[in-house]
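Colleague: Assemble the complex: chain A is given as a structure, and chain B must be docked to it using the hints.
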Amino acid sequence: MSTTSSLLLLDDERKAQLDLLNKIDESAAVDICNAALGYLSTGLNTKSVTNAANHLQLDVEIVRTTIDSLLWLYTECAKAKISSDALDESLKLLGYSTQLRQSFIECYQSKAHQLQTTLTTDLALSLPHYKNLYWRFDVQIATRSMRSRKQFDPFFILKLTLINGNNDKEQVHVFQVDPLTLVHIVEQLELAMNELRNNHARRIVHTFR
Amino acid sequence: MELSSDIEEDFRRLNNQTHISDKNYEELIQKIFSLFTSTNSNIELSSSFDKRLVSSILTFIFECVKYDFDETLIRSKFDDLQFTIKTRQDRFINEYNKNLSIIQLYLKQKSIEYDRLLNINWRLDLQLKTNYTDKLLQPIYILDWTKRDKYTTNIDHIQFSCTQESLQELVEKLKDAQSVLHQMQYQQQTKK
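Here the protein sequences line up with chains A and B, keeping their order.
Counting from 1 along the first sequence, just add 45 to a position and that's the residue number in this note's numbering.
Counting from 1 along the second sequence, just add 54 to a position and that's the residue number in this note's numbering.
Hint data in this document are derived by calculation from the structure and do not stem from the laboratory.
Hints may contain errors.
[What the hints assert, rightly or not] Under the rule of at most 16 Å between Cα atoms (straight-line distance), these lysine to aspartate or glutamate pairs were calculated in the EDC-like manner:
#: 1; chain 1: A; residue 1: Lys195; chain 2: B; residue 2: Asp122
#: 2; chain 1: B; residue 1: Lys229; chain 2: A; residue 2: Asp104
#: 3; chain 1: A; residue 1: Lys176; chain 2: A; residue 2: Asp213
#: 4; chain 1: A; residue 1: Lys126; chain 2: B; residue 2: Glu167
#: 5; chain 1: B; residue 1: Lys105; chain 2: B; residue 2: Glu63
#: 6; chain 1: A; residue 1: Lys204; chain 2: B; residue 2: Asp203
#: 7; chain 1: B; residue 1: Lys204; chain 2: A; residue 2: Asp223
#: 8; chain 1: B; residue 1: Lys140; chain 2: B; residue 2: Asp76
#: 9; chain 1: B; residue 1: Lys183; chain 2: A; residue 2: Glu121
#: 10; chain 1: A; residue 1: Lys137; chain 2: A; residue 2: Glu71
#: 11; chain 1: A; residue 1: Lys204; chain 2: B; residue 2: Asp230
#: 12; chain 1: B; residue 1: Lys183; chain 2: A; residue 2: Asp167
#: 13; chain 1: B; residue 1: Lys189; chain 2: B; residue 2: Asp179
#: 14; chain 1: A; residue 1: Lys214; chain 2: A; residue 2: Asp198
#: 15; chain 1: A; residue 1: Lys204; chain 2: A; residue 2: Asp183
#: 16; chain 1: B; residue 1: Lys162; chain 2: A; residue 2: Asp198
#: 17; chain 1: B; residue 1: Lys162; chain 2: B; residue 2: Glu117
#: 18; chain 1: B; residue 1: Lys189; chain 2: A; residue 2: Glu121
#: 19; chain 1: A; residue 1: Lys204; chain 2: B; residue 2: Glu223
#: 20; chain 1: B; residue 1: Lys229; chain 2: A; residue 2: Glu232
#: 21; chain 1: A; residue 1: Lys195; chain 2: B; residue 2: Asp124
#: 22; chain 1: B; residue 1: Lys162; chain 2: B; residue 2: Asp122
#: 23; chain 1: A; residue 1: Lys176; chain 2: B; residue 2: Glu117
#: 24; chain 1: A; residue 1: Lys176; chain 2: B; residue 2: Asp60
#: 25; chain 1: B; residue 1: Lys162; chain 2: A; residue 2: Asp223
#: 26; chain 1: B; residue 1: Lys229; chain 2: A; residue 2: Glu235
#: 27; chain 1: A; residue 1: Lys204; chain 2: B; residue 2: Glu117
#: 28; chain 1: A; residue 1: Lys204; chain 2: B; residue 2: Glu167
#: 29; chain 1: B; residue 1: Lys152; chain 2: B; residue 2: Asp122
#: 30; chain 1: A; residue 1: Lys137; chain 2: A; residue 2: Asp64
#: 31; chain 1: A; residue 1: Lys176; chain 2: B; residue 2: Glu223
#: 32; chain 1: B; residue 1: Lys227; chain 2: A; residue 2: Glu215
#: 33; chain 1: A; residue 1: Lys204; chain 2: A; residue 2: Glu215
#: 34; chain 1: B; residue 1: Lys131; chain 2: B; residue 2: Glu63
#: 35; chain 1: B; residue 1: Lys227; chain 2: A; residue 2: Glu235
#: 36; chain 1: B; residue 1: Lys164; chain 2: A; residue 2: Asp198
#: 37; chain 1: A; residue 1: Lys60; chain 2: A; residue 2: Glu134
#: 38; chain 1: B; residue 1: Lys105; chain 2: B; residue 2: Asp60
Isolated chain A, as found in the complex:
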């Protein structure tokens, strides 16, 4: 499949699988589109697929492959972040009626955001990422090895929580940081933040948009 001109171009095998919706009653086709959308979050329900196949007097395997293809189609739409117009045009290429196209687009749009989020965050390759940071400011004034009155050492304690990319487990790190290092770190991170606002970054974002 490619996304030339933002249209979804399907290979012949997919087209053949999705062609079933042209051959059955329009309202039944809409029902199948709706059911397929439900299966995206719940997984395929073999029993209801069998029931639907019996009701339509069709082979179970054929209904099943059609639903699989519909699931694939929903996912591809989300992956390409397709616009409604482009989706409508793409569905025309499949020979779908106006009402069926409209129903499919409505179905897709109701779940588009959720699908896109799942694809970009849950399924994508993910490094450990930042979750939270707590800090505390302490002054060390006495220790077992030195009880002199001269101790006065200010420092920060940072507790950094990260989340592992793939298993959602938390990693907790506790550090001691002296004040000068903290100032240096803040300076560096502010530089990092500003980097995204400069012309170079903007130009590159613009190029890929």
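Modeller: Using the frame of chain A, we list chain B on its own:
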């Protein structure tokens, strides 16, 4: 300060000029105090001082620093220990004062430690595509925090990613922390 009877006995030995010559005493003091300023932690002495004597003097030094003893207190302690030779006392106190700040630092470090954050490094990437998304265009920061593991000299790295929003949150929190320093500075100045 409480010292064991072995240490008390060793200080009486230090007071015995026939047992320890001036030359040997000089070398002993010099070598012991040099421990704090050199990276070499072995003492090699020309004469056959036993290790116990060295450890007794070191213990005495640490106890003095620990309880913040000044010259008067040290002299009175020496007198209690019957270590009374004035020149030898002077020699000790001279070296003690010279090295005091470094010994204090050394003892402060012999405390409970956390991992210590030393530095950070950052990188800014633009995520364009993944196998599940064709059009992403999302900036992502990769941070690398360098830390020294507690009680060791091991340097370790922690790498993680941050979205633009979460980096903003992280920086705000660290700036909050940093503002404590300004407040403290201000309070100090107004008190003066």
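Colleague: Determine for every hint whether it applies to the structure shown.
Modeller: Results for each hint:
1. Under the criterion of a C-alpha separation no larger than 16 Å, the hint pairing A/Lys195 with B/Asp122 is consistent with the structure, at around 8 Å.
2. Taking the CA atoms of B/Lys229 and A/Asp104, the gap is about 65 Å. The hint is violated against a cut of 16 Å.
3. Restraint check for A/Lys176 and A/Asp213: satisfied, since their Cα atoms lie roughly 11 Å apart, inside the 16 Å limit.
4. The straight-line distance between the Cα atoms of A/Lys126 and B/Glu167 is roughly 51 Å, outside the 16 Å bound, and the hint therefore fails.
5. Distance hint between B/Lys105 and B/Glu63 is fulfilled; the C-alpha atoms sit about 14 Å from each other, no more than 16 Å.
6. Under the criterion of a C-alpha separation no larger than 16 Å, the hint pairing A/Lys204 with B/Asp203 is consistent with the structure, at around 15 Å.
7. For the hint pairing B/Lys204 with A/Asp223, the CA-to-CA distance comes to about 14 Å; that is within 16 Å, so the pair holds.
8. Of the supplied pair hints, the one linking B/Lys140 and B/Asp76 holds, its CA atoms being roughly 12 Å apart against a limit of 16 Å.
9. The suggested pairing of B/Lys183 with A/Glu121 holds, with an alpha-carbon distance near 14 Å, which does not exceed 16 Å.
10. Restraint check: the Cα-Cα separation between A/Lys137 and A/Glu71 comes to about 15 Å, which is no more than 16 Å; the hinted pair holds.
11. Only pairs whose Cα atoms come within 16 Å are accepted, and A/Lys204 paired with B/Asp230 is accepted, the gap being roughly 15 Å.
12. About 15 Å separates the Cα atoms of B/Lys183 and A/Asp167, which keeps this hinted pair within 16 Å; it holds.
13. Restraint check for B/Lys189 and B/Asp179: the C-alpha separation of about 15 Å stays at or below 16 Å, so the hint holds.
14. As the CA atoms of A/Lys214 and A/Asp198 are separated by approximately 35 Å, the hinted pair breaks the 16 Å bound.
15. For a cut-off of 16 Å, the pair hint linking A/Lys204 to A/Asp183 stands: about 14 Å separates their Cα positions.
16. Taking the CA atoms of B/Lys162 and A/Asp198, the gap is about 9 Å. The hint holds against a cut of 16 Å.
17. Taking the CA atoms of B/Lys162 and B/Glu117, the gap is near 13 Å; set against the 16 Å cutoff, the hint holds.
18. A hinted pair counts as satisfied when its Cα atoms are at most 16 Å apart, and B/Lys189 with A/Glu121 qualifies at roughly 12 Å.
19. With a C-alpha separation of about 14 Å, the suggested pair A/Lys204 and B/Glu223 falls inside the 16 Å cut-off, and the hint holds.
20. Restraint check for B/Lys229 and A/Glu232: satisfied, since their Cα atoms lie roughly 9 Å apart, inside the 16 Å limit.
21. Between A/Lys195 and B/Asp124 the alpha-carbon distance is near 13 Å, which keeps this suggested pair within the 16 Å criterion.
22. Restraint check for B/Lys162 and B/Asp122: the C-alpha separation of about 13 Å stays at or below 16 Å, so the hint holds.
23. Proposed proximity of A/Lys176 and B/Glu117 is contradicted: the alpha carbons are some 46 Å apart, above 16 Å.
24. Distance restraint check for A/Lys176 and B/Asp60: the Cα-Cα separation of roughly 56 Å exceeds the 16 Å cut-off, and the hinted pair is therefore not satisfied.
25. Simply put, B/Lys162 and A/Asp223 have alpha-carbon atoms about 14 Å apart, close enough for the 16 Å limit, and the pair holds.
26. A distance of roughly 10 Å separates the Cα atoms of B/Lys229 and A/Glu235; the hinted pair therefore holds under the 16 Å criterion.
27. At roughly 35 Å between alpha-carbon atoms, A/Lys204 and B/Glu117 are farther apart than 16 Å, so this suggested pair is violated.
28. For the given pair, A/Lys204 sits about 14 Å from B/Glu167 by alpha-carbon distance, which is consistent with the 16 Å threshold.
29. Between the alpha carbons of B/Lys152 and B/Asp122 the distance comes to roughly 15 Å, so the proposed pair stays at or under 16 Å and holds.
30. Of the supplied pair hints, the one linking A/Lys137 and A/Asp64 holds, its CA atoms being roughly 12 Å apart against a limit of 16 Å.
31. For the proposed pair A/Lys176 and B/Glu223, the alpha carbon gap of about 10 Å is at most 16 Å, so the pair holds.
32. At most 16 Å may separate the alpha-carbon atoms for a hinted pair to count; B/Lys227 and A/Glu215 exceed this at roughly 20 Å.
33. About 12 Å separates the Cα atoms of A/Lys204 and A/Glu215, which keeps this hinted pair within 16 Å; it holds.
34. Taking the CA atoms of B/Lys131 and B/Glu63, the gap is near 14 Å; set against the 16 Å cutoff, the hint holds.
35. Proximity of B/Lys227 to A/Glu235 is assessed by CA-CA distance (about 12 Å); at most 16 Å being required, the pair is judged to hold.
36. Of the supplied pair hints, the one linking B/Lys164 and A/Asp198 holds, its CA atoms being roughly 14 Å apart against a limit of 16 Å.
37. Under the criterion of a C-alpha separation no larger than 16 Å, the hint pairing A/Lys60 with A/Glu134 is consistent with the structure, at around 14 Å.
38. A distance of roughly 12 Å separates the Cα atoms of B/Lys105 and B/Asp60; the hinted pair therefore holds under the 16 Å criterion.
Consistency with the previously given hints fails for numbers 2, 4, 14, 23, 24, 27 and 32, ordered from lowest to highest.
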